Structure formats: C-alpha cells, structure tokens
Amino acid sequence: MNLQIALLLSQDGITNGAIYALLALALVLLFAVTRVIFIPQGEFVSMGALTLASFQAGRTPGTLWLLMGAGVAVAIVDGIVAWRRAREGGPHARVASIVGWNLAYPALAALVLFSIDPARLALPLQVALALALIVPLGPMIYRLAFQPIAHASVLVLLIVAVAVHLALVGLGLLFFGAEGTRTPAFSDARFELGPIGINGQTLWVIGASIALIAALYAFFERTLYGKALRATAINRAGARLMGISTVLAGRLSFALAALIGALSGVLVAPITTIYYDTGFLFGLKGFVAAIVGGLASYPLAAVGALFVGMLESFSSFWASAYKEVIVFTVIIPVLLWRSLTTRATGDDE
Amino acid sequence: MSTPAAQSHPVRVRTLPRGTLALAAFVALLAAAPLVLPEFHVTLLDYIGLYALVALGLVLLTGVAGLTSFGQAAFVGIGAYTSAWLTTVSPLPSWLAWTGGSPWVGLALGLALTLVVAWMLGALTLRLSGHYLPLGTIAWGISLYFLFGNLDVLGGHTGLTGIPSLEAFGFAIRDARDFHYLIWAVLLGAIWLTRNLLDSREGRAIRALKGGAIMAESMGIDTARSKIVAFLIAALFAALSGWMYAHMQRFVNPTPFGLGFGIEYLFMAVIGGASHVWGAVLGAGVVTILKQWLQDLLPALLGQTGNFEVIVFGVLMVLVLQRAPEGLWPIVARVFASRERSAAREVPRAEPLPRRTLPARGTTLLEVRGVTKRYGGLLANHRIDLDVRAGEVLALIGPNGAGKSTLFDCLSGVIAPTEGEVRFLGQRIDAMRARRIARLGMSRTFQHVRLLPTMSVLENVALGAHLRGARGVVAASLHAERAEERRLLAEAARQIERVGLGERMFETAGSLALGQQRLVEIARALASDPCLLLLDEPAAGLRYLEKQALAELLDRLRADGMGVLLVEHDMEFVMGLADRVVVMEFGEKIAEGLPEQVQNDPAVLEAYLGGID
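Protein chains in written order, with the working numbering: chain A, 1 to 349; chain B, 1001 to 1613.
None of these hints come from the bench; they were simulated from the model. Only a predicted model underlies this, so the values are computations on that prediction, with no experimental measurement involved. Treat each hint with caution, since some may be false.
To be verified - Some chain A residues near chain B, calculated using beta-carbon distances under 8 Å:
| hint | residue |
| --- | --- |
| 1 | I159 |
| 2 | L171 |
| 3 | A178 |
| 4 | F317 |
| 5 | A321 |
| 6 | Y322 |
| 7 | F328 |
We treat Cβ as the ideally placed atom computed from N, Cα and C, and that holds for glycine.
Kindly generate the complete structure, drawing on both the sequences and the hints.
See the structure below:
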C-alpha cells in the first residue's frame, strides 16, 4: 500500500463514516427519548435513496403507497381512540389534525406526484419530494408499532423493532424490486489535492453531515422542542410532570430519525449502489458506532462511526471478502471495553 | 406488565391430569405420523421439530430469563458445519484421525465449540445491561454468516455436500421418517430436561433473573452465572438442532444460518408463547406452516417473486406483542387445563436442613464505623456508627428520607458505602458483593417488596434457601436432586408456616395483600438460616393482630440468639420490641439508647415533632 491508496481509502472511510455518524446520532437519540433500539433505522436510508431513484427514472415510488397505507392505519387507530374518548365524555380529539396529517397529507402528496413529472424537476426539488414522502413515515411507525407499548421493557421494544425491520425490508422488496440503483452525483466537480482527487460527492456527504449535525445541535440547544426532547431523554417521568408529552417526544424523535435516515440515503446513493436491503447493513454499522458511545454519548458515537468507516474501507483493501466479518466482529472488543469500564447493572427495568 | 392470571407457568401444567392426557395423545400422534402421512408432511414435521428445539432454548433465554438472542441460527450453523466438515473432509487431518470422521464425534465437537463461543459472547455482554446481548448476537450472527460463506474449507457460498446420514446401534437413520423419530425424541427429551430444570433450585435462580436480580443477589444467587447457564443451554439446543439438520439434509450452505433465520427463531418463541416450553413447539409449528402457505400464496397474489412472507410475519409479530404478549400457548392451554387448578397439594415435608451454629448471645455481629454514602452532592448517610449483637433487636428509626434504607443497602452489599468500615462477624464486608455477604449469614427484606409475582409463595421462599443447596444444573435437569429439593421446599414450607401464611403457600406471591407479601419476604430471609436479619419496615401494611404475631416471632428469634436490625415507623411496635434504638435524621445519627431514653431525647423530639419556639 502506498500513500496514494491510503489517502484514497481514507477518503472512502471518512465518507462512509460520516453517514454512519448520522445514523448513530439518530439511534442514540431514539434510544434516549423512547428506549427503542431502532433496528430499522437503515430502512429509511434505502427508502430515501430508492424513492429519489424512482423519481429520476420517471416511476411512482412505492413509498407513496406505504405513506398512504400507514396514514389510513394511523387515522383508524387514532380515530378509534378519539371515538372512545368522546363516548366516555372525555375531551374531543382534534379530528382536523388526525385527518389532515394522516389522510389529507398523503393524498396531497399523491396529487402533486401525479400532476407533475418528478423526473424533470431540479435535483433539490426531487430530494425535497423524497423527504416529504419518507419523513412522515417515522412518526406513523412510532404511532402504530411503539406508542401502544411505550412502557414495555427495552427487550420487548427491541423485538418489536426487529419485527418492524422485517416488514419494512419486505415492503422495500415489493416496492423497488431486487434490482440495485445508483443515482447521479450531486456535482461532477473534482478537486485535485496533491496526489489525490477528491470527488464532489464526497464533499457533499461530509459537508451535509456536518451541517446536519450543527443543525441538530442548534435544535437541541436553542429551541423549546429540542429542549423538551432532551428533558424527556434525561427523565421521562419528570418531563411528563413538566407538561412535556412523551407521545409528542416520541413522534418528534421518530420524525427526526426518519429525516436523518432519508437524507443519508439521498447523500449516499450516488456513491454506493443501493438495494432494498442495503440500508440494514448501514444501520447496523451505525449501531456498532452507537455502542462505542454506550448508546448514550453523541460525540463518542460520531468517533466510533469514523472508526467503523475507516476499518471497513481498509479491510476492503486487505481482505475484501471478510470486510463485513471484520466490521461486525469489532463489536466484540468494543463490548469487552464497555464491559470492563461499566459497573455491573442490577435490575434493568 | 401482564396480569398474573395470564401466566400459567410450565411447572404448573404438569400437575393437571387433563394436560397429561393431552401430552400422551400428542406423543401417540407423533409416533403414528410417519406411518400414515405422506413424505412431504413428515419432512415438514421434521423441520418443525428442529426449529422447535432452537425455539425451546429461546423460551428459556427470553421468556424465562428475560434475555434474548437473534443469533441462535449461528449456533445452529456451528453445530451443522462442525459435523458436516468433519464427516466430509478428505483427507482427515492427522490430529483428527482418531475420530474416523464419525458424526457422533462431530456432534461432540460442535457442542464443545458452541460452548466456547457462547461462553465468550456471554461473558462479554451479560455484565452489561440487557440489550447488549441481543445487539452482540445480531453482529455475531452476521459476521458468522459471512464467515461461513467465505471460508474455502467450508465450501464458500455453495456449502458442503455428501454429508453421511446417521447410524446408531445398528439402525440406519436415513430418510425423513427415520429422522422424525430421532428429532422428536430429542425434542421431547429437551423439553423434559428444561421443565425439570425450571422446577428446581437452579431453575428458580434463572426464573428470578427477570425482574428480581437485586433480590436474587441478596439471597446469594450468582445472577451472572445463571444468565450464562441459560444462554449456554439455549446455544447447545441450537447446535444440536443444527447437527441433526446437517445429517438429515446431507448438505449445508450458509443461508439457513443467517440473521434472518435467527430472527425467525425468536418469532417462533414469541408467537408460540415465550414463557412456556410448549410455546416453542406451537410457535415453530405455526410459523413453519404459515411460512409454507404464504410462500405459495403471496408471490402469486403480488405477481412478484420474493420473501414477502416477512411482511406478514413482521406485522403479525407487532400485533402479538401488543395484544397478546404471552403468545398463543396460554390460549391453547386453557382448553387442556381443568378449572380447579389449585387442587389440594401436599405440603412438602422432609428431614430439616443442617443449621448454622449461631454465635453466642451478646457477641457483636455487626460493627458499623463511620459509614458515609454520598450521591453527588447529597449525603445520604454521614458517619454512621452502630453495633448489632446476637440476641438483640436494634431498631433504626427516623423520619422519611433520613437515609435508613440507604444504610440497609450499604450494610447488605446492594450498594457500596463511599467511606467507612462495616464488619460482620469480625470480617470486613463494606467492599463485598451482596451475594458473598449473604453467604456469611446476613439476610434481609426490602422496603419495596421484591417478590416474583408469578411464582408461588413456596417457590419465592425457597429462593431464600438457595445457598443451603448445592446440586447443580445437570442434576437438576435430570431431577437427580429430588432429595435435596424436597428438603429445600420443606424448609421453605416451615418458614412460611412460621410467619403464619401456611394457607397461602401454593398461591402466586402477586395475589397476596401487601402486608402478607412483607411476611413472605421475612420467611424468605429466614429460609437462608441467617444469624443476622435486616428487616426494612416489616410491619407496614399489617393489621393489628398480624403485627402482634410478627412481634412474637421476632421475640422468639431473639430468644434463639439471632440479631435483628429493624427499620420501622410504627412506634408502638418498635418501643415494645426493641432492646436498643438508633435514631437518624438527614443522614446523621442523632441519638442512640434504650427505647425510653430515646423517647425523651430532646433531639429526637425535635426531629419528630418540630422545634419548640
């Protein structure tokens, strides 16, 4: 290996590491706020990328049907709850909000998609449309799968997360088929930096990741909703007593996770061929990174993500067949390290 | 939290005659199946049996011990590949020449390898909180799958072919019908072993893991060991299933050992009913048949080929966990279970267990010197000194928040004091873990009752006697420890009668009133044959007569020479019973002395009644 190859591999490693860092942040956020170990995080990546690819190929993405279907399901579930509450003389639910978000919004999305030709839109608009389809799925999944058992043990929530993962991967196959897709790069620019060339897309990925992390930081530090999420993460019961709704916190954090996931997918699609199940491995690598931070520390998770990216990139050079083995086996020393530095726990719940 | 009524535990089903009948009918049907069913259905039953064996391990791990693994398919793979490799490799490496490529040696090697790998994984993850084991198994399941697929010795993604079938005692086990008997005999054997284990001292320790780890450690149970035991058994069942699979299929490739199958095994356990051994069989049957049916139906319906059944399984799983977290088995079991389930059961009687010799009356049992517990800036305990002697009741009183329960936790090893020295029978114990202190002869109750609500009162109290038994997991699984078990249960029964709950012995602990649950805690503490008893608010929630009975019991224990340290708010109870009283306020000891001295102490009066301005 010479310096040039090393630099090239590092460039790959940092690019992928930036994506893993975003996913790891989403995973840490979800675990802190809702205690859900969200295995399907990677599915947002696949769906975001493949939805964008569908637009560019002039097809209607299946995620539109998923959004409409999930919306109807949420409307039914919320409708039943609202009806029961009204019958018992409780406060009336805001019907407009239930219908608006779950029925009208997906219908509007369908109307937009069928009335314009997304393939001819500019890239930023295509990305915005893809996000508009994927991000609402986050809170809908929370509503359907997790909210009814929000107080169950971490273990039960984890099993449910795995079930949701299976269902979403199956749906991904149904909507997008087994073929992989790669979208055109955001920019064709190349920069020569000494001995190596840097792709424009690499800069896009790294720049967007940094921008997103900065935006999240500002959100958590400066806004009321961000502070509410932090409060819920620190002390759920205490936050509730202060009038912060855990349901709202759950939906909001799932919306953020979906946004982060879909955006990662859009960013990575020009670099890697994305299949319906590619996201899962992305998500799991995010998990390895998140575990480095003990599922609690954002900075450690980001460092872990860069480490995973580099390890993957270099092991694909040295022993490409064993790339995945090496990346996922690294969790063992990480767990050993955590096990030695963490005090033994008693009752989990 | 599910209602106790929904959780009929496997150990109970055994006593139901209708259940026994159903089991006999089931076994008869199984035996007849290969004689009447076409080959295809026999093969399907074989697979159900193989899957059920893996799911059975997950019942023990997930439903009973409250841990989980998505990597069981990888253990199946180790069992399958080890024997597949050994029986097909040519030439046999010289260091393995003695094996002659025998599948039976392959089985032994596969199980041994599984033990090593599972032990390593368990040792790494089980000390961490519960979700690291499943995350670790996901990662390990994926990496082992890729390893199988990339190792040339294991045939890469095409796998290994030409694996021999089995032969035992001159019988050839070759086709699906032969394997049917082998697989189901092994499965029924494994179910028998598992049920025996759950109904034993070691099994109670495993059942206490889910929601009772702190209590279990205070009763002297090594919870880390119990977790590893459950994980190892689950891994061994999986490897055994893999071995049979390899020799039945006669070829192996990496596909059935990937993460997807690992998840499916867990689904089988959860859908069938993860806290019931028969739930594994039911779940394996339902999932396997449903999958078969969906794999035909869905591609035709959707006009595409692919594993679309996972969508149905995913949604089904979410619904089951939301609507029926106990799975399908309780629904089926209701058909077999008779109404009058708690028929008069015999109170266990056996020769008493040997007792520890109590220290002479007046010996100092516990010496506490300068114990301080700090939580950040909060001083929960500040330089506490006290002594407890054999044959006395020392009462620790003080307003709420004075730090009494924190002191109890420091003394019994649940938490470590920040500073200070604690000696028990002359030995330093302030750095010791709860379970070692329990072994020395200290036992305690908890202010917030820590019972296992779905287990019977008898079993809860028997947990206290854990350290007085010694027979291990193997003996328990074979029920070769019945003599010892009877003595443990008899001891538990004696202590239950001693606290006046003889009538309620076979009821679930969760069905008792709070006051009675406190008495069960005392019985559990007594079952460990302690010389020092720490009681945290034992009289709270008791009625007047029950309080009197408790006072008499403590009086008798004192007369026998036991030391009692008591936290209590009921002043009449305390002043009538205690030999000496220590008063705490805001983490400090403010008074110590005879009951009447303390009652007139101005500092105590101020703490309780407020200052006189």
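Each hint tested on the structure:
1. I159: Holds: closest Cβ of chain B sits about 6 Å from I159(A), inside 8 Å.
2. L171: holds (6 Å)
3. A178: Where the cut-off is 8 Å and the nearest Cβ of chain B is about 7 Å from A178(A), the hint holds.
4. F317: Hint on F317(A): violated, closest Cβ of chain B at ~16 Å, above 8 Å.
5. A321: holds (4 Å)
6. Y322: At 6 Å from the nearest chain B Cβ, Y322(A) passes the 8 Å test, so the hint holds.
7. F328: holds (4 Å)
When each numbered hint is compared with the structure, a violation occurs for hint 4 only.
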